[in-house]
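Novice: Listed below are the residues making up each chain.
Number of protein chains: 2
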Amino acid sequence: MKHVIIVGGGFAGLNAAKILGNKTDIRVTLLDNHNHHLFQPLLYQVAMAALSPAEIAVPIRRILAGYRNITVLQDEVIGVDLRQRTVTARECGLHYDYLLLACGVKHAYFGHEEWEEHAPGLKTIEQATEIRRRVLSVFEAAERISDCGNQLKHLTFVIVGGGPTGVELAGAIGEICRYTLTKDFRNINPRQARIILIEAGPRILPSFSADLADKAAHDLAALGVQVRTSSPVTDIDSKGVQIGGERLEASTILWAAGVEASPIGRSMGVATDRLGRIVVEADLSIKNHPEVFAAGDLANFSHGRATPLPGLAPVALQQGRFIARNILRETAGKARRDFRYLDKGQMATIGRSNAIIELGSLRFKGFFAWLAWVVIHIYYLISFENKFFVTLHWVWSFFNFRRGARLIINKEWRFYRKNAAGENQEGGNSKQA
Amino acid sequence: MKHVIIVGGGFAGLNAAKILGNKTDIRVTLLDNHNHHLFQPLLYQVAMAALSPAEIAVPIRRILAGYRNITVLQDEVIGVDLRQRTVTARECGLHYDYLLLACGVKHAYFGHEEWEEHAPGLKTIEQATEIRRRVLSVFEAAERISDCGNQLKHLTFVIVGGGPTGVELAGAIGEICRYTLTKDFRNINPRQARIILIEAGPRILPSFSADLADKAAHDLAALGVQVRTSSPVTDIDSKGVQIGGERLEASTILWAAGVEASPIGRSMGVATDRLGRIVVEADLSIKNHPEVFAAGDLANFSHGRATPLPGLAPVALQQGRFIARNILRETAGKARRDFRYLDKGQMATIGRSNAIIELGSLRFKGFFAWLAWVVIHIYYLISFENKFFVTLHWVWSFFNFRRGARLIINKEWRFYRKNAAGENQEGGNSKQA
Numbered sequence: 043m044k045h046v047i048i049v050g051g052g053f054a055g056l057n058a059a060k061i062l063g064n065k066t067d068i069r070v071t072l073l074d075n076h077n078h079h080l081f082q083p084l085l086y087q088v089a090m091a092a093l094s095p096a097e098i099a100v101p102i103r104r105i106l107a108g109y110r111n112i113t114v115l116q117d118e119v120i121g122v123d124l125r126q127r128t129v130t131a132r133e134c135g136l137h138y139d140y141l142l143l144a145c146g147v148k149h150a151y152f153g154h155e156e157w158e159e160h161a162p163g164l165k166t167i168e169q170a171t172e173i174r175r176r177v178l179s180v181f182e183a184a185e186r187i188s189d190c191g192n193q194l195k196h197l198t199f200v201i202v203g204g205g206p207t208g209v210e211l212a213g214a215i216g217e218i219c220r221y222t223l224t225k226d227f228r229n230i231n232p233r234q235a236r237i238i239l240i241e242a243g244p245r246i247l248p249s250f251s252a253d254l255a256d257k258a259a260h261d262l263a264a265l266g267v268q269v270r271t272s273s274p275v276t277d278i279d280s281k282g283v284q285i286g287g288e289r290l291e292a293s294t295i296l297w298a299a300g301v302e303a304s305p306i307g308r309s310m311g312v313a314t315d316r317l318g319r320i321v322v323e324a325d326l327s328i329k330n331h332p333e334v335f336a337a338g339d340l341a342n343f344s345h346g347r348a349t350p351l352p353g354l355a356p357v358a359l360q361q362g363r364f365i366a367r368n369i370l371r372e373t374a375g376k377a378r379r380d381f382r383y384l385d386k387g388q389m390a391t392i393g394r395s396n397a398i399i400e401l402g403s404l405r406f407k408g409f410f411a412w413l414a415w416v417v418i419h420i421y422y423l424i425s426f427e428n429k430f431f432v433t434l435h436w437v438w439s440f441f442n443f444r445r446g447a448r449l450i451i452n453k454e455w456r457f458y459r460k461n462a463a464g465e466n467q468e469g470g471n472s473k474q475a
Numbered sequence: 043m044k045h046v047i048i049v050g051g052g053f054a055g056l057n058a059a060k061i062l063g064n065k066t067d068i069r070v071t072l073l074d075n076h077n078h079h080l081f082q083p084l085l086y087q088v089a090m091a092a093l094s095p096a097e098i099a100v101p102i103r104r105i106l107a108g109y110r111n112i113t114v115l116q117d118e119v120i121g122v123d124l125r126q127r128t129v130t131a132r133e134c135g136l137h138y139d140y141l142l143l144a145c146g147v148k149h150a151y152f153g154h155e156e157w158e159e160h161a162p163g164l165k166t167i168e169q170a171t172e173i174r175r176r177v178l179s180v181f182e183a184a185e186r187i188s189d190c191g192n193q194l195k196h197l198t199f200v201i202v203g204g205g206p207t208g209v210e211l212a213g214a215i216g217e218i219c220r221y222t223l224t225k226d227f228r229n230i231n232p233r234q235a236r237i238i239l240i241e242a243g244p245r246i247l248p249s250f251s252a253d254l255a256d257k258a259a260h261d262l263a264a265l266g267v268q269v270r271t272s273s274p275v276t277d278i279d280s281k282g283v284q285i286g287g288e289r290l291e292a293s294t295i296l297w298a299a300g301v302e303a304s305p306i307g308r309s310m311g312v313a314t315d316r317l318g319r320i321v322v323e324a325d326l327s328i329k330n331h332p333e334v335f336a337a338g339d340l341a342n343f344s345h346g347r348a349t350p351l352p353g354l355a356p357v358a359l360q361q362g363r364f365i366a367r368n369i370l371r372e373t374a375g376k377a378r379r380d381f382r383y384l385d386k387g388q389m390a391t392i393g394r395s396n397a398i399i400e401l402g403s404l405r406f407k408g409f410f411a412w413l414a415w416v417v418i419h420i421y422y423l424i425s426f427e428n429k430f431f432v433t434l435h436w437v438w439s440f441f442n443f444r445r446g447a448r449l450i451i452n453k454e455w456r457f458y459r460k461n462a463a464g465e466n467q468e469g470g471n472s473k474q475a
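Residue numbers (this note's numbering), protein chains in the order written: chain A, 43 to 475; chain B, 43 to 475.
It cannot be assumed that every hint is accurate.
Which copy? The list can't say, so a pair holds if one copy fits it or any two copies do.
[Stated by the list, open to error] Under the rule of at most 20 Å between Cα atoms (straight-line distance), these lysine to any residue pairs were calculated in the SDA-like manner:
#, residue 1, residue 2
1, K281, L359
2, K225, H331
3, K195, P350
4, K376, M43
5, K453, E172
6, K453, E159
7, K376, A324
8, K195, A183
Hints in this document: simulated from the structure, not taken from any laboratory.
Treat the numbers as computed from the prediction; the structure is a model and nothing was measured.
Could you put the whole structure together from the sequences, leaning on the hints where they help?
Specialist: Below, the structure is given as C-alpha cells:
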C-alpha cells in the first residue's frame with residue numbers, strides 16, 4: 043500500500059486526488075490549511091459582491107467523500123524532510139511514499155509587506171470579503187458626508203497591477219458605479235467615482251497580444267476606468283499611493299501586482315526560481331527526488347518552452363491529473379511519461395458582458411467571448427450544486443444588474459470587548475475597526 | 043416637510059419606512075449600523091452552514107431604493123436629545139420631527155460579558171459565521187487526532203438556553219452529525235458527537251405550551267440531543283461550562299440564553315424595564331414625547347396584556363407599520379389610534395423536516411408544521427431574489443441532506459502580519475486564531 047500525500051486542495055491537488063481515488067494499493071492523504079477548495083477564477087466576483095463565498099467554494103472533504111481511500115486533513119504544512127520522506131504539519135506528522143506539492147502562491151509586495159494593510163490582495167475568501175467590505179463601505183462613508191470634495195476622495199479606487207485580476211477588478215468596480223448603485227444613494231452619484239488601474243509595465247495584460255490588450259484598455263475607459271501604464275508604485279499608505287514624485291489620494295487601494303510561491307520550496311533547499319517556484323523535471327518531479335512532485339502555481343515547468351507555464355487553472359488541473367497517472371503507472375510497473383501541456387488559452391472579463399479570449403492565433407472579444415467565458419467557468423466549477431446556483435445567479439444578475447451579495451460584514455463578531463486596561467467595554471459589533 | 047428619523051433597519055424600521063415611502067410632506071432618514079436588513083428568523087441556518095449570509099441579508103438601501111424621499115445612512119446612533127429633538131450618530135447629527143427607535147436587542151450574559159469569548163451568541167451575520175467556523179472546525183480538529191477520548195472531547199457541543207434559538211441550534215447540530223457529515227470523515231464518526239442543550243428553567247420552550255415543548259424535547263432526543271433542564275450555568279471558560287458543582291467539558295459552547303435591549307433607552311432617561319426595553323404608551327410613543335416611538339424588540343408594550351409582547355418578527359413588523367400610519371394620520375390632521383397586536387402565533391423548527399407551531403389554542407407539530415414554517419418564512423423574506431434562491435436552496439438541501447455553505451472562513455485576512463515587536467512575520471492566513 044503506497045501512501046501518497048497531496049499538499050493543497052486547489053486544481054492540481056484535487057484533480058490528482060480524484061485520479062487516485064478508490065485505486066487499489068494506494069492510500070491518499072490530502073492536506074490543506076483551508077477546509078474548502080476555492081474556484082480561484084471567480085474569486086473576484088466575491089470581492090465585487092456578485093457571488094457569495096459558498097458559491098465558489100466547496101468543502102474538500104465533501105468533493106472527495108466518495109473515495110474511501112482518501113483522508114482529508116485541514117492542517118498547515120510547515121516542513122518536508124526529503125531524506126526521511128516525512129511531512130510536518132502544525133498538528134500532525136506523516137510519512138509518504140509519494141508527495142505532491144501543490145500549495146500555490148500568495149500575493150507578494152516586493153519586500154513591502156507593510157503595504158498589505160492598505161492594499162489587500164485577492165487569493166482567499168477572507169481577502170475577498172475584506173475587499174468587498176472596503177469597496178462597499180466607502181460608498182456608505184461618502185453618502186454620510188455632504189462635502190463634494192471629500193465625497194470624491196472617498197470614491198477614488200486605485201487598483202495596482204494590470205494583469206487579468208486587476209483588469210477584472212477595475213471593470214467590476216466601474217460597472218458597480220455605472221449600473222448597480224445608481225439608484226441607491228441620495229447624496230452621491232456613484233458614476234462620479236474615480237477608478238484608476240495602475241500598471242508598472244508599458245501596457246496592461248502583458249500575457250495577451252497587444253491588440254487585445256488595447257481593446258481591453260478601450261473598454262475599460264468606457265466603464266470609467268483610467269488606465270495608467272509605465273507607472274511603478276513606489277509607496278502605499280492608508281491615504282493613497284505614490285508613483286515616483288506623484289501622489290494619488292485614494293480611499294480604496296487593491297493589490298493585483300504580483301505573486302510569490304508558497305515558501306515550502308525554498309524551505310526544502312531544492313531548486314527554485316526568483317518567485318520561489320520549484321523548478322521541476324520533465325515529469326514534474328523534483329530533481330533527484332522522483333517520488334516528490336510539484337504542480338500548479340508552485341511549479342516552474344519550462345521544458346521545451348521559452349517561458350515557464352503560466353499560473354492558470356488548466357495548467358494546474360492537467361499537471362495534477364498527469365502526476366497521479368504517472369504514480370499509477372509506476373505502481374503498476376510501467377514507465378513514467380513526460381508532461382505536455384495542452385494549451386487551453388487564456389481569458390479575462392471586462393465588466394458584465396465583455397471579455398477577451400486568446401488561444402494561439404485565435405483571438406476574440408466582446409459578448410460572445412464573455413458567453414464562452416461563462417460557459418467554460420460553469421463547466422469547470424467542480425460541484426454540481428455550485429454550478430447550478432452560480433448559473434442561476436448569473437442569469438438573474440445579467441438581466442437586472444443586481445449584485446446579490448452586497449454585504450458589509452465586519453471583522454469583529456463580539457459585542458462586548460476587552461479594552462487595553464482589561465475592563466469590559468460595550469463594543470457595538472458593527473463598528474468598523 | 044416633516045423629517046422622520048428611523049433608527050434600525052430591522053422588521054420594525056424597514057416596514058415603517060416602506061409605509062412612509064414616497065409620501066408627500068414626509069422626509070425619512072433611516073440609520074442602521076449595518077448596511078443590511080437581516081432576516082433574523084433564519085440566522086441560525088447561516089450559523090449551521092445551510093444558507094449563505096447573502097441569502098438572508100439584503101442591503102437596506104436596495105430595498106428602499108425606489109422611495110426617493112428616504113435616505114439610508116450606515117451609522118451608529120450614540121445618543122438622542124429629546125428636548126432638542128436631535129439624534130447623534132458617530133459620523134453625523136440630525137434633527138427630527140418624529141423619531142422611531144427600533145434598534146432591537148443583543149444577547150446578554152447576565153453581567154458575565156467575559157463568557158462571550160467562549161460562548162458566542164447569535165444576533166448578527168458576523169456571529170453566525172463565527173459559530174459556523176467553530177462548529178465546523180471542531181470536526182476538522184477531531185479528524186486530525188487519532189485518540190478516541192480526545193476526539194469525543196472535541197465533539198461535545200453545549201448550547202446554553204432552551205428557547206427557540208437554542209432548540210433550533212441543537213436540532214441542526216444533531217442533524218449535521220447524523221446526516222450531513224456521516225460520509226465525509228475517515229477517523230471519526232460524527233454520530234458519536236455529544237450535544238447537550240442546557241436550560242436554567244424547569245422546561246425548554248417556556249413560551250410554548252407544555253405538551254408541545256415535551257414533544258420537541260422528545261424529537262431532540264431522537265436527533266441525539268441531550269436536554270438538561272433546571273440547570274443554571276454558573277461559569278463558562280474556554281474548555282467547558284460549570285453547572286453549580288458539576289463540570290461539563292465541551293469544545294463548542296453556544297449562547298442562546300438571554301437578550302437585553304439596545305442601551306439607547308436607558309441612555310435617554312425614559313422608563314425602561316429590567317431588560318432595558320423602552321416602556322411605551324398605547325400608541326407606542328414614549329410618555330410625554332408623543333413624537334418619539336419605540337417598536338420591535340426594543341419596546342415593552344403591555345397594554346391590556348398580562349406580559350409584554352414577545353420579541354417576534356410579526357410584532358416588530360406590525361408595530362413599524364402602525365407607527366408609520368399614525369404619523370401619516372397626524373400629519374393629515376387626524377387623530378392617532380392605539381396599537382393592537384394581531385397574534386400570528388409562534389413556531390420553532392427541530393431539525394430538517396419537523397417543527398412546532400402554536401397559535402392560540404391551535405397547536406401542531408411534525409412535517410406539516412415544518413412545511414408551514416418554510417412557506418411562511420419564504421413569504422416574509424423581504425426581497426424577491428432572496429426568496430427565490432432560498433427556496434431553491436431548501437428544496438435542494440431537503441432531498442440530499444447537503445449543507446451548501448460549509449465554509450470555515452477565518453477572522454484574519456492578512457498573510458503578512460506584524461508581531462508584537464512590530465516586525466513583519468509571515469502569517470499563513472489560514473491559521474485559526
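Novice: Next, verify each hint and record whether it holds.
Specialist: Evaluation of the provided hints:
no.: 1; hint: K281 with L359; in the structure: neither (40 Å within a copy, 42 Å between copies)
no.: 2; hint: K225 with H331; in the structure: neither (61 Å within a copy, 35 Å between copies)
no.: 3; hint: K195 with P350; in the structure: neither (41 Å within a copy, 49 Å between copies)
no.: 4; hint: K376 with M43; in the structure: within (17 Å within a copy, 86 Å between copies)
no.: 5; hint: K453 with E172; in the structure: both (8 Å within a copy, 10 Å between copies)
no.: 6; hint: K453 with E159; in the structure: both (14 Å within a copy, 15 Å between copies)
no.: 7; hint: K376 with A324; in the structure: within (17 Å within a copy, 86 Å between copies)
no.: 8; hint: K195 with A183; in the structure: within (11 Å within a copy, 46 Å between copies)
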